[in-house]
Structures are given as C-alpha cells and as structure tokens.
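We have chain A already, so just place chain B on it with the hints.
For reference, the chains in residue letters:
Protein chains: 2
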Amino acid sequence: MIKKNNAPIRRDNTTKTNATGKTGVKNKRKSPKKPFVKRQDPKVTPIAEGNIRIIPLGGVEEVGQNMTVVEYGDDILVFDCGFQFVSEETPGIDYIIPNTKYLEQNKHKIRALIITHGHLDHIAAIPYIIHEIGNPPIYAGNIATLLIKKRMTEFPHLAEIDIKTVKPKEKLRLGKLGIKFFEVAHSIPDSMGVSVETPHGNIVISGDYKLEHVNEVPTQKEYDNWGEIGKDNNLLFISDSTNAEMQGFSIPEKYIQSNIEEIIKNASGRLIIGAFASQFHRLISIIEMAEKYNKKVVLEGRSIKTNLEIAKIAGLLIPKEGTLIQAKDMNQFPPDRILVLATGAQGEEFAALMRMANKKHKFIQLNKRDTVVLSSSVVPGNEISVRKLMDNLYRHDLKIIHYKVSDIHSGGHGRQGELMWAAKMVGAKYFMPSYGNHSMLKVHAQAAKENGIVKEENIVVPDNGSIIEIQEKGTVMKIIKEKAPSNVIMVDGFSIGDMQEVVIRDRQTLAQDGIFVVIATIDLKTGKLRKSPDIISRGFVYLRESQEMLQQSRNLVKKTVEDDAKGMKPIDFDIIKKDITDNIGRFLLKKTDKRPIVIPVVLGV
Amino acid sequence: MIKKNNAPIRRDNTTKTNATGKTGVKNKRKSPKKPFVKRQDPKVTPIAEGNIRIIPLGGVEEVGQNMTVVEYGDDILVFDCGFQFVSEETPGIDYIIPNTKYLEQNKHKIRALIITHGHLDHIAAIPYIIHEIGNPPIYAGNIATLLIKKRMTEFPHLAEIDIKTVKPKEKLRLGKLGIKFFEVAHSIPDSMGVSVETPHGNIVISGDYKLEHVNEVPTQKEYDNWGEIGKDNNLLFISDSTNAEMQGFSIPEKYIQSNIEEIIKNASGRLIIGAFASQFHRLISIIEMAEKYNKKVVLEGRSIKTNLEIAKIAGLLIPKEGTLIQAKDMNQFPPDRILVLATGAQGEEFAALMRMANKKHKFIQLNKRDTVVLSSSVVPGNEISVRKLMDNLYRHDLKIIHYKVSDIHSGGHGRQGELMWAAKMVGAKYFMPSYGNHSMLKVHAQAAKENGIVKEENIVVPDNGSIIEIQEKGTVMKIIKEKAPSNVIMVDGFSIGDMQEVVIRDRQTLAQDGIFVVIATIDLKTGKLRKSPDIISRGFVYLRESQEMLQQSRNLVKKTVEDDAKGMKPIDFDIIKKDITDNIGRFLLKKTDKRPIVIPVVLGV
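Going line by line, the protein sequences match chains A and B.
Residue numbers for the first sequence follow my numbering, beginning at 8 and rising by one.
Residue numbers for the second sequence follow my numbering, beginning at 8 and rising by one.
With the rest of the complex left out, here is chain A (with noise of 0.2 Å):
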C-alpha cells in the first residue's frame, strides 16, 4: 500500500505517556488514573576518541528493515535503509522501518546514506526517515538510484532529496572516513557492497549477495571483486547471513534461466509465468527469451511493469518493437505466442495470479492448456495463500510448474559455502553475521567459528540497536552496556511511530472476539434506567442468532446498574461501568466461551 499526497504523522515519543490508554477517551475525561509521564530517550554517551561503532538499527533479528551505522570521530555513515513486511502478529501495521533515533541525536555527524542495493528492505524506508536524519546526500548505484526517485514521487510533499549515483570501485571521502564500492552478485543489478576506511582497518560491508560459480567453484569475476577487497587490511566483515542455514552453493541463476528457457522453447500453450518483481536478472533475462522464442509478453502486476520500466531507462532492457503487448491485445495471437509475466507468486489476494485463478481478470481466462510456471519460493509467512493460489489454479486443469518440481527459481543469497568463501576471501579480524534472524545470524556465527575464519571471540551476534566498539586501536571489539533505541518502530496509515502496543493488542482481541458494546441511560433523580440498554456488538457473535443472550444482558445490565445506583448519592459512573465490565464480561465468557471487549457507556439524564 502506497501513501499518496499526504504527509505520515511522526509520533514522537519523547511526549509519550506510560500510561495504558486503554480507557476510551472521552470529552470531558477526568484525569487518567495513572499520571501522565514523560519518556525521554536516554542519550547515548558520545564515541570516545579512535573508537569506532558499529550500530545494526535494524536487519539483525528479522529479514528486511536493514540499516548499519558506522561511526568514528565526527563522522557517521549510514547504510542502507529498508522496511520491513509485517506479519499477524501485529494487524493493521503496513510495515516497521529501523529505529533512527539514534542518528536523530546524531545528525550533524551524518555525511552519508548509501545504499548496496535496490531492493526495498534496503531502500523503502526512505521517505519516512531521511528527512528525519537531516537529509543526507545518499550515495547509490544506477537501479538504486532510478527505483528510490520513483518511491520518492509517491511522496510528493516530500522536500527533495539529494542522491549521487556511483559505480564498483568508486571510491568516495566522506568527513574523514573514505570508503570504496566493490561489485557483488544478486538478483538485482548494480548491487554493491562497501568498504569503510578507517586508521586501525577497513569495515566491509558485505550488502546481499550470492557468489557467480561453476559446480561450487566461485567464477574468475568473484575471485577479481573479492580479492581486491582482501588485499586491504579489513577489521571487520558484516555479511550476509539470510541463507546462512543452507548449505553448500545456492543454484546458480544461469542454470535457472536455461531451464526456463526450456519450458519457454517447448510451450505448446500460453505461458503464464509468476516471479518477484524484486528479481531484475531473471525478468529481463525472460523477455529476451521471450524474442528469441517468437512470444509476445504481457506484463501483468504494477510492481513487474515498474521494475521493468526503471531496467529499460537503465538501458538493461532494450525490448524489439511490438514485443510487449497488453492483455486485450492477447487473443490476436495463437497461444503458443503468448508468454505472461505476472506478479502474485506469493498467493497475494489482488496481485495478477490470485485474479486470474479466481476468474477475476478481465482479460486472461485460464484454461487446460495453460502452463503456470512459478518462478519463485515461498516466503515464509505466505505458505497458506500460496496453497490457496495452487489450489484455485488447478481449478482450471492447467499444468503448473514450480520450485519444488524443477529449479526455476534460486534466491539471491549466498548458502553457507559461498559466504564461507567469501568471508574468507576478505579476511578481516573481526566477524558480524547481519541481514537475517537471530537464529540466522547465531548459525552464520557457528559457521565461521567452525570453518576456522575467525576466533569465537572475534564474533559478534548483535540486536538491533546494539553498539558494537572497536577499541584500543581495533585491538578490542564488544558490545558495550548502552544501547541505542531499538524500538519498534511501525508504520500504520499515515501514523508512525513505536510500538503501540495497547492498539495492536486490542486488535488481536478484537479479532479472536470482537467487541460488545452497552448503553445504559440512567434517571439521576430515580436511579433507574431509563430505558432497557441499548447493545452494539461487532466480530463477536452473529447477533440475529442470540437473542435470548441479548435479552439477558440488557436484564443484567440493567439489574446492575440499579442495585449499584440505589445507595449512591451522587452517582458514581466509574463503580457503575466497572461492574457492567466484569459482570457482561464473566456472563459473555459463561455463554459462549469468548472475550469480547466489552465498553460501558453510562450516560445520566
């Protein structure tokens, strides 16, 4: 979900209050039981002099929301920053972005933003942070650099930014630190990752990747890219951990590609192909495949058409007129002309697949001659809408080809063996697994240890918001006491901010058993309820089927209300409403085994 045209609400919890704000808010409130308190965000003390700190604000304990901050003397740099997509543990939420509270306290120290690569969890959160950090130039490669303009326009009250493309091996001083580009692998193009000068050694900065190879054996081109690197005098290497788990090699996407290129040469039917926008290589490689092959394609899904606008101005994707049709163009040509890349491998419930499987697009009807190949896997989280997906799909008897019966697709990080590889290749001192979870980067720490690239204590497994020091002229590393903000920090709607945690635990209540409202008119003169009490009720039980139980909450509410007025003068609400709480509460429990969320609205007339 995009946010257009309007500018996100940055609640500032420096003004947040401890208290539980579980009460609904009302107009004429008394005051809140509990006091309001400020809640400061310590200031974490300064760097001490020729230290240098290493800050994960976030990619450490998830994958996604990445940014690493380096810091020595006067100068921070920080790098890359990404969102995160949110899961059910937190409903509503659109995604969490690092917490940069951190840079906030330090943005006169801040000389850079750069950025490894495209992709969003590294460059998506952006525009709910750079100006909240002074707004500093951002360095990035070519497709970084188209794709983070093209995000920027969803935000056109945005002020500008400032953003310099650069290229592997550039190098670039920036305050006193000097870093240098170096090319790596991924699946999308001018991925890079970064070397950070500093007097006791350079900080490498690995950025996703994955290693070129031959049956495991790294090409001359990653031996070129990392040796170059290796020749420095590297204190410390942070890599890429996120399939740190996997062992061996990953599949090398040339051999993904051929096998595509056999069910493209060999379709006897139209070819719908679902893939991540996310995977440039792969999309632009099937389109050349597509003209060698004869086919028109259609692209179907706003993420595939975007991404594949910014290869062509990139000059990646250079497409032979008449190549790319639309879908009403389609029946113009036989189906074995027609390939369709489409978005939605993921089972998302309107991206172009799900619409098509589910008899919802207007212009592609699948049929028993089709071939759906799924090039990509499953993230985790998305196990049932992909079945869902599969299963709507073979509603139309069509033939479906996906990773788990043929290697048409490979992930953009390296296995274990290639960071081993590359680990070793840089051979620096010091070791920080990043860009995964916990478990992730703990396996990636055990690798290195065992595979004698690094003493165990040389190695680091920090959390987001951890400060890592070099010491005593990079003689020491640890995490010191302090930590920055860590946070959580969400986007939802245009709100952003921290943990809320009273709304997202309300609504997962809501959720399991919905909410039960009362409204309850009481006499001041005469103690009675005016009328019986009105009840509202949503998510909680289906309403037309429970009239008796209604019944016999309006009689419990009002009985209620009335034993506890009968000795009050004057009235006291708080007691009132308290009782209709727990007595609705514990009848609603003993009816129907659910919890709702129940509000007492007295009001006196």
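It should be emphasised that the hints constitute simulated quantities derived from the structure, not laboratory data.
Careful, some of the hints might be misleading.
For chains that are exact copies, the list does not tell them apart, and a pair is met inside one copy or across any two.
[Said to hold, decoys possible] Within a straight-line C-alpha distance of at most 27 Å, the following computed DSS-like cross-link-like pairs (lysine-lysine) qualify: (1) K576 to K156; (2) K585 to K538; (3) K157 to K597; (4) K573 to K538; (5) K431 to K406; (6) K261 to K411; (7) K565 to K538; (8) K576 to K538; (9) K369 to K406; (10) K178 to K238; (11) K375 to K538; (12) K488 to K367; (13) K411 to K335; (14) K411 to K431; (15) K462 to K406; (16) K601 to K157; (17) K462 to K375; (18) K375 to K490; (19) K272 to K406; (20) K116 to K261; (21) K375 to K488.
Just so we're clear, the structure is a prediction, and the values are computed from it rather than from any experiment.
Positioned in the frame of chain A, the structure of chain B alone reads:
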C-alpha cells in the same frame, strides 16, 4: 482449547436470515431493512436403487476435517470425523468441522461411524457431530478407541457414545454392507484402511498411510496387507493425497529413529526433544531409547503426557520404574542423564518449548550445554512462529538440530512413489484422491493417470459435499449435479454453525483498523447536542496522541447532527446516524489512512 462442561450451542441455519446482521442490534429496534427469509437446506434427491454414493463431507479441500460417506441402498457408512485447525483467515474460530446436514437428513440410514485411526483430523469432531447424526455405533482400532473416549470426557454433558474396538482383518456386516479392515503403516498404532463390499465391487478407503520400506522396496508385510486387499474385486480406491506432491518414497521411520538414537547415545548434556504428540511410534521409541542409554525422561506438555498415558494403557509403552521423572526433580541427575520430551516444536506460544526458550518455564532453564532436537517438520502456516522459537532458543547459545539439517523427522503420509505402489496393489477400476487440498488431489490424480494406474475418465476429484455416484452396475462413475450441503461449519467458542461471514468480516476489519464509536445526545426540543459527543475507540490509533483529531471528530459530529436536525420534525435518527458514519469515516480515512468501523450511537432526550 477444550470446551468443558458446556453444551455447544448448535446454530440451526434453517432459521437463519439473509439479512446482513451488520447493524448493531438494539432493544426496540425497527424492523430490519431486509425481511427475514427462511433458508432451508434443500433435501438431496434420494439415491436410486443399485447406485453407490460416495460423499466426501470434508478433507478434499484441505488437510483436516476428514469425513467420507459411503451410501448404498438403505445403508450409510460414515468414515472418520475430524476437525481442522484454522488460519488467520478465520480469526477467533477454534475449528472447522465437516458439514453433516446430509447425514442429519438421512440419519435413519446410518449404520456406523468407522474410524481409520486416532489422529485429531480423523476423530476430533466426534463430540460435535455424533449426536447430531443419531449417535450411531463407532468402530475404531484400540488406540483410536482410547483417544475418542478420552476426548469425550471433555464433554461430560453429552450422552454416552457406543464405541466398539476392531482389529485389522476383522470383518463386519453393517446393514447390507460388509466391511473389512486392513493394517496400514502410519505414525500412530492401529491405523487401518477399510474395504466396503458392494455388489458391484469394493470401495477401498486407505485412511492415512505410508509404506514401510527398505530403499523404496516395500516390506513383506506391506505386500501381505495390500496384496490381501488387492485380491478382491475393487471398484474404487480412495487414497491419501497429503504428500502426493513429493516424489519417491518417504524416509522410513526406522531410519529417523536410528538417527535420534545416535543423538541420544552421544549427548553429553541435556537433550530436549520437541516432537508432535501425534507421533506415537516415535514418542514410544524415544522413551525406550532413553532407557537403553540410562537416561531419565521428563515429559513436558499436556498432549504428549496424555498420548503416552494412552500408550501405556494400551500396553504399547511399559516404562521402567523411575524412567519418567518430574521436571522439578531433574537437577538430582547429571545433565547427560536427562532427556526432556516436549510439545511446542511448532512455536506455539504457550507450549513447553516456547516457555523454556522465553525463560518462562518454572523448572527448566536452558543453557549453552543443552541440545534441542526439533523432531518435526513445520506445519504450513507456522513458519513464522517456528522461526521465533528458533530465535529464542538460540538466545541461550545452545545447539539446535532440526529436520533441515538432519534426518530426524518423517511424516506419516506416503509420497507419490508409495501412493502409486498402493494404488497398483489395490487395482481398483476407479480412483478418487482424498485427504488434501485440491492441488494435492489434482497432482495425485495426474500421477495415477501418468503411471497407468487408472484411465483419466475413471478418476474423480471431488469437493467437500460433491456426490459421486457409481451407476449402471458399476460401469459409470460421475459427480452428480446435486451437492450435499457444504457450507463451512465453524466452532467458535460454544457456538457451532455455518460460516458467519458477517462476524468473520467484522473481525478482520477490527483487526486491521479497529472501531470508532461516537455517542451523541440530542436535545429533542432544540435539535442541538446536549453536550460534546463522547468517543470510544479501540484498535484504531493511539488516542492519547490523537487529541486534536478527536476534537475535530467531535466537532464534525456536532455539526453533522445539528445540520441534519435543523429541518427535521420529528428527528430522523437513521439519517443522522448514516451521516455520522459517512462523514466520520471519510474524515478518519483522510487523517489516518485507516478505515475503522464507525458506530454512531444517537440518543434523544
């Protein structure tokens, strides 16, 4: 979640309305906008003489809620009665169970409920269904009998059931139908397939099964069991599809157990093994291995304890005195003599393993000398919670062995190679894949065709409620046009009934965007608000930080009401409420990009 001491409330959809039920039900509400329409499930045309009906009432559009009906003449046999655990798509729902309306309509013909084995997806819906279908006798193997009886104790208000234990090779005559049980290999003892004799040939129902084999050669026992069935004149084979998408043969359980034995033998510290409670054979063997290597066993988690208790009653597990110890007594033994067998390998929030990982277990504190063995696969949908479990376990710097790094788990379902072997052995004329999602069934059907087991026109892939008829003395098989009622039946607390779409949809909306209740009191004489409106909101935004927006909302409500009321005599509350809903909904969307459910409460005084 187990419901105790409370009769489930069965909602009868014959009295259900087609009204949306969306508006809050109030005390003296006006007549609903749509009239109440009685929806009666149409009665399916009775079976014609000589025909056979096969009706899968559950388990052919999902993995779970298995129930298959065989009908011939005056007799109906029902096979299995399972539930399905549910997903995020149906928030708050406990389980889904088969729709048994067809059986209720034909109660008098039901001769028996026959259970193939004791897993929850084959037995757990019995308490919700057995009395609805006339409490027919239940036939089940020994372990299944014990498990069913145990489950019924959780529903003490229900009348007695009539359950009879049967054994492989046993034959029964039920009405005019003969049935015969045969042993199959599965992860729980006493698993059986059933063959139903009809004048036109036998209907063979596999139940869940895999094959015991050595290097993909089935054992003599498998040849004997399936060969015996294959001798008959088999008309239709209904076969497990759960693992039909996986090529080859499953990993033999014996091999898994020998790998676990190696781990137990070599453990130099505590061993914590997480496993499915449903894996009876493995649990029993782990305890036997613990005894062999002189270890004490701590059982952690209710379902493992219950199932092993049942294994003991059945005489399948005879632990030596002192083998099983309590967690609180663990520290009396050196770590290398301790084996903990625990539930929670799916990352369930409150299960034993997660409590240990989160340092919330009363007696077990993990440390770096511990080894955790996750002897289980990841059930689709649980990837994120399993990842969280792994992250939290690795916080203790212990060692984790899981099924991706070592062969320590194999499921209970045969892969395609096994399924094809069994289908060939049975040699039935017709084939119906069962027990799985539609996509699994289609792959299974395709394999049966491609392997020459059965001709394409003799395969049927049904949906839940499809009525398959074998007609013309067994020479025709088809799905007839009529369908048994198949709307989804959900257990939601004590309520059992068909899909409450409105409630589920509300829960989903509440989970995403929350609720916003506006309470306005109008002075009936002046048409003005008596006071500024009250607002109650949950799960929407953090109200404490949204004071300005709340005030604007109040102003908007006031303006809406007073503008509306100005020309009204008498005041039309419905118009006012609709305008509040519209105006506030639009305002909140613009301000927050969220769409909470807006509920206006308008009172006149």
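Evaluated hints:
1. In the homo-oligomer, the alpha carbons of K576 and K156 never lie at most 27 Å apart, since the shortest distance is 66 Å inside one protomer and 57 Å across protomers.
2. For a Cα distance limit of 27 Å, the shortest separation of K585 from K538 qualifies both inside one copy, at 20 Å, and across copies, at 23 Å.
3. In this assembly of identical chains, the alpha carbons of K157 and K597 lie at most 27 Å apart only when taken from different copies (24 Å versus 55 Å within one copy).
4. Both within a single protomer and between protomers do K573 and K538 lie at most 27 Å apart by alpha-carbon distance, with minima of 17 Å and 26 Å respectively.
5. With identical chains, the CA atoms of K431 and K406 are at most 27 Å apart between copies only, with a shortest distance of 24 Å across copies and 44 Å within one.
6. For a Cα distance limit of 27 Å, the shortest separation of K261 from K411 qualifies both inside one copy, at 18 Å, and across copies, at 26 Å.
7. With identical chains, the CA atoms of K565 and K538 are at most 27 Å apart both within one copy (9 Å) and between copies (24 Å).
8. Taking the shortest alpha-carbon separations for K576 and K538, both the intra-copy value of 21 Å and the inter-copy value of 23 Å come in at or below 27 Å.
9. In this assembly of identical chains, the alpha carbons of K369 and K406 lie at most 27 Å apart only when taken from the same copy (21 Å versus 53 Å across copies).
10. Within a single copy, K178 and K238 get their C-alpha atoms as close as 16 Å, which meets the 27 Å cut-off; across copies the closest is 79 Å, which misses it.
11. For a Cα distance limit of 27 Å, the shortest separation of K375 from K538 qualifies neither inside one copy, at 63 Å, nor across copies, at 65 Å.
12. Only between protomers do K488 and K367 lie at most 27 Å apart by alpha-carbon distance; the minimum there is 24 Å, versus 56 Å within a single protomer.
13. In this homomeric assembly, K411 and K335 never come within 27 Å of each other (Cα to Cα): the closest approach is 32 Å inside a single copy and 45 Å across copies.
14. In this assembly of identical chains, the alpha carbons of K411 and K431 lie at most 27 Å apart only when taken from different copies (25 Å versus 32 Å within one copy).
15. In this assembly of identical chains, K462 and K406 lie within 27 Å of each other by CA distance solely across copies; the values are 18 Å between and 51 Å within a copy.
16. When the C-alpha separation of K601 and K157 is checked against a cutoff of 27 Å, the pair qualifies only between copies, where the shortest distance is 24 Å, while the shortest distance within a copy is 47 Å.
17. Taking the closest pair of Cα atoms, K462 and K375 come within 27 Å of each other only across two copies (18 Å); inside a single copy the shortest separation is 58 Å, beyond that limit.
18. Proximity of K375 to K490 under the C-alpha cut-off of 27 Å is restricted to the inter-copy arrangement: shortest distance 24 Å between copies versus 58 Å within a copy.
19. For the homomeric pair K272 and K406, the shortest alpha-carbon distance inside one copy (16 Å) is at most 27 Å, but the shortest distance between copies (47 Å) is not.
20. Proximity of K116 and K261 under a CA criterion of 27 Å is satisfied in neither setting, with 43 Å inside one chain copy and 62 Å between copies.
21. In this assembly of identical chains, K375 and K488 lie within 27 Å of each other by CA distance solely across copies; the values are 22 Å between and 62 Å within a copy.
Checked against the numbered hints given earlier, the structure breaks hints 1, 11, 13 and 20 and satisfies all the rest.
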